[in-house]
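Protein chains: 2
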Amino acid sequence: MLYTVIPAGGSGTRLWPLSRSQNPKFLLPLTGSEHSLLQATVNRLADLSDPDHQYVVTGTGHAAAVARQLPKLPEPNILVEPSPMDSAPAIALANAVIAERDPDAVVGAFAADHLIADRQVFTATVQRAMEAAADGLLMTIGITPTGPETGYGYLRRGRALPVGHLLAEFKEKPDHVAAVEYVSSGDYLWNAGMFVWRVDAFLAELARQRPAMHTAVRELAAHWDSPDREERLGRIWPTLERISIDYAVMEGAASAGKVGVVPGDFGWNDVGDFDTLGSVLPPSDDIGNVVIDTAGIEPAVVALDARRNVVVPASRRTVGVLGVDDLVVVDTPDALLVCPRDRAQDVKKLVDELKTSGRSDLT
Amino acid sequence: MLYTVIPAGGSGTRLWPLSRSQNPKFLLPLTGSEHSLLQATVNRLADLSDPDHQYVVTGTGHAAAVARQLPKLPEPNILVEPSPMDSAPAIALANAVIAERDPDAVVGAFAADHLIADRQVFTATVQRAMEAAADGLLMTIGITPTGPETGYGYLRRGRALPVGHLLAEFKEKPDHVAAVEYVSSGDYLWNAGMFVWRVDAFLAELARQRPAMHTAVRELAAHWDSPDREERLGRIWPTLERISIDYAVMEGAASAGKVGVVPGDFGWNDVGDFDTLGSVLPPSDDIGNVVIDTAGIEPAVVALDARRNVVVPASRRTVGVLGVDDLVVVDTPDALLVCPRDRAQDVKKLVDELKTSGRSDLT
Numbered sequence: 003m004l005y006t007v008i009p010a011g012g013s014g015t016r017l018w019p020l021s022r023s024q025n026p027k028f029l030l031p032l033t034g035s036e037h038s039l040l041q042a043t044v045n046r047l048a049d050l051s052d053p054d055h056q057y058v059v060t061g062t063g064h065a066a067a068v069a070r071q072l073p074k075l076p077e078p079n080i081l082v083e084p085s086p087m088d089s090a091p092a093i094a095l096a097n098a099v100i101a102e103r104d105p106d107a108v109v110g111a112f113a114a115d116h117l118i119a120d121r122q123v124f125t126a127t128v129q130r131a132m133e134a135a136a137d138g139l140l141m142t143i144g145i146t147p148t149g150p151e152t153g154y155g156y157l158r159r160g161r162a163l164p165v166g167h168l169l170a171e172f173k174e175k176p177d178h179v180a181a182v183e184y185v186s187s188g189d190y191l192w193n194a195g196m197f198v199w200r201v202d203a204f205l206a207e208l209a210r211q212r213p214a215m216h217t218a219v220r221e222l223a224a225h226w227d228s229p230d231r232e233e234r235l236g237r238i239w240p241t242l243e244r245i246s247i248d249y250a251v252m253e254g255a256a257s258a259g260k261v262g263v264v265p266g267d268f269g270w271n272d273v274g275d276f277d278t279l280g281s282v283l284p285p286s287d288d289i290g291n292v293v294i295d296t297a298g299i300e301p302a303v304v305a306l307d308a309r310r311n312v313v314v315p316a317s318r319r320t321v322g323v324l325g326v327d328d329l330v331v332v333d334t335p336d337a338l339l340v341c342p343r344d345r346a347q348d349v350k351k352l353v354d355e356l357k358t359s360g361r362s363d364l365t
Numbered sequence: 003m004l005y006t007v008i009p010a011g012g013s014g015t016r017l018w019p020l021s022r023s024q025n026p027k028f029l030l031p032l033t034g035s036e037h038s039l040l041q042a043t044v045n046r047l048a049d050l051s052d053p054d055h056q057y058v059v060t061g062t063g064h065a066a067a068v069a070r071q072l073p074k075l076p077e078p079n080i081l082v083e084p085s086p087m088d089s090a091p092a093i094a095l096a097n098a099v100i101a102e103r104d105p106d107a108v109v110g111a112f113a114a115d116h117l118i119a120d121r122q123v124f125t126a127t128v129q130r131a132m133e134a135a136a137d138g139l140l141m142t143i144g145i146t147p148t149g150p151e152t153g154y155g156y157l158r159r160g161r162a163l164p165v166g167h168l169l170a171e172f173k174e175k176p177d178h179v180a181a182v183e184y185v186s187s188g189d190y191l192w193n194a195g196m197f198v199w200r201v202d203a204f205l206a207e208l209a210r211q212r213p214a215m216h217t218a219v220r221e222l223a224a225h226w227d228s229p230d231r232e233e234r235l236g237r238i239w240p241t242l243e244r245i246s247i248d249y250a251v252m253e254g255a256a257s258a259g260k261v262g263v264v265p266g267d268f269g270w271n272d273v274g275d276f277d278t279l280g281s282v283l284p285p286s287d288d289i290g291n292v293v294i295d296t297a298g299i300e301p302a303v304v305a306l307d308a309r310r311n312v313v314v315p316a317s318r319r320t321v322g323v324l325g326v327d328d329l330v331v332v333d334t335p336d337a338l339l340v341c342p343r344d345r346a347q348d349v350k351k352l353v354d355e356l357k358t359s360g361r362s363d364l365t
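Residue numbers (this note's numbering), protein chains in the order written: chain A, 3 to 365; chain B, 3 to 365.
Rather than coming from a laboratory, the hints here were simulated on the basis of the structure. A hint or two may mislead.
Pairs count within a copy or across copies, as identical chains cannot be separated in the list.
[Unchecked claim] Straight line, CA to CA, 16 Å or less: simulated EDC-like cross-link-like pairs of lysine to aspartate or glutamate: (1) LYS350 to ASP307; (2) LYS173 to ASP248; (3) LYS175 to GLU253; (4) LYS173 to ASP189; (5) LYS351 to ASP307; (6) LYS260 to GLU133; (7) LYS260 to ASP137; (8) LYS175 to ASP248; (9) LYS173 to GLU253.
In isolation and in its complexed conformation, chain A is listed as follows:
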């Protein structure tokens, strides 16, 4: 039985105005069903890990929503960070808490807000990673690239192992030229932030590379079920280093030859923006318009001479699109976005613009 850790943070700025800091991406039904990305992530893990072995780490602002979206998740398995500290402290704390309960646990960490098309292949891939992790390697699942994406970090494969390969190197987001090179070489996979390891192996690397963080999370975990958990958490948490798990642990572990990678080819999508969302969800008509109906009002969209648009009618309003192609139209009760699909990445800039113009209330 796999223990799973799901860091549920981040607001998904490029999905504004649907995604807000108060109602972030992972809580939204962007799965083509009524399930949120978080719910889909938990459901996808059901073959590997029952609710008793699933842990979600989230912020103070979203703990209640997480608890209601995941009614089967035991309350002690919802770990609430006093403040956002990036992924390393969150994952480290969850692992320390799991180690207290089961020192021999095998733990998998998976993002809360990604889409995966083929659940069977995903499950089989995780099981291969668990196999390799049994030897003490920190395993990553690398996504087989479908193109020279510059928006992701890359993983360079090293020598072959009985299962998968050693991870030779983590690569930062490349420029286009480098990305083309990576993909054509066949030696690179996308870093999707999916990890599988033995909890003792992970904590040992944490102790080696980030001793202060290790000491802190072990102390927190040791007293997790004691009456002064909140007092202790509130005192210690702010002293932790704000850093991602890649920088804090994985890159150093890779240099030490302690990281392995297995390829994942299960239709992965990070739902980074409305364009990628439109490309992964099924069209609503035969001319490629994708309607993401989060409000459940039909017919919410009337399209005339309009093709390949991504329309999100998330208010009680009818949306009429006439003679426009490849556009993103997101309609929410207090804000409306119109932009071309190929500018969907820049929605973040518009959100920055809103903040600087004193409209943070909308972000």
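Put chain B on the given structure of chain A with help from the hints.
For chain B alone, coordinates are given in the frame of chain A:
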């Protein structure tokens, strides 16, 4: 003192979703100020006609709104049609009512939903038409064309008169080739539906060409202030011919050499669609975006890399436009429209689509 008749009807379908059958174009503040097109029309006529001499003919569904938008207009001057009958019955009735009060009246008829930039030139033009009308001609004011528009009817000038010209011919909306020919010839003006005549001259032509309609409106007018006005109006009105003033009277009168025309060059716009509206209203920024803020919320629009868009934030929402040019975005509480400015004419088709798909409630 000029008597003025303002037929206030039509729903302005191409301005959907802002314009609705229940809240039509002429009642909307599309003037770049807080005034509605109807209010702007009445204000524009103030130099020629005081409220006591102004008459508005409107439908049962809009009488109350007209009365409230024009508080100075005497109640007897608001003529309410029992049912829509196109422009001839409306204008004929108003003229008959005016004739009862002043048989020597000079009457001007002006649409309720057009924009005019230069009020002084407009006033002077109407005064020239009044001069010519004194001889008994039915005068039209023709707009000097600014381009080969195919959306308007044209007026062909005949021989010169002391003031203006005889009208040789009314021309239906032409195709592009004909329109180019018309404009290059210099003999053609746009038919803007502006008329000035002596009430007796008009009623004589009505009697000659549409005797039944003449008899009916004269009877209605003769008993207008009697207790049984409503009973009589309800009985007679449905028997009237549903026809425009051009077909009912003006074309026949032109053939008989009884119509004159003076050119108007005062920045006329019929506010036909959001594209023309965007071209006549002042831009809200230095990159040509036109924001028509009918709801009065600032800043309602946040534009980034967006040029020459016409944005109507008519709900309480913020509209973000990113990387789009020459687009129309109209945001109302229950419906949203997105279309290119060069497709603005086809909004009518979208409204038809809504009606056929059972969403007449939105039209």
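Each hint tested on the structure:
{"no.": "1", "hint": "LYS350 to ASP307", "verdict": "between (29 Å within a copy, 13 Å between copies)"}
{"no.": "2", "hint": "LYS173 to ASP248", "verdict": "within (11 Å within a copy, 75 Å between copies)"}
{"no.": "3", "hint": "LYS175 to GLU253", "verdict": "within (14 Å within a copy, 73 Å between copies)"}
{"no.": "4", "hint": "LYS173 to ASP189", "verdict": "within (12 Å within a copy, 73 Å between copies)"}
{"no.": "5", "hint": "LYS351 to ASP307", "verdict": "between (30 Å within a copy, 10 Å between copies)"}
{"no.": "6", "hint": "LYS260 to GLU133", "verdict": "within (15 Å within a copy, 99 Å between copies)"}
{"no.": "7", "hint": "LYS260 to ASP137", "verdict": "within (10 Å within a copy, 104 Å between copies)"}
{"no.": "8", "hint": "LYS175 to ASP248", "verdict": "within (13 Å within a copy, 69 Å between copies)"}
{"no.": "9", "hint": "LYS173 to GLU253", "verdict": "within (9 Å within a copy, 79 Å between copies)"}
Of the hints listed earlier, there is not a single one the structure fails to meet.
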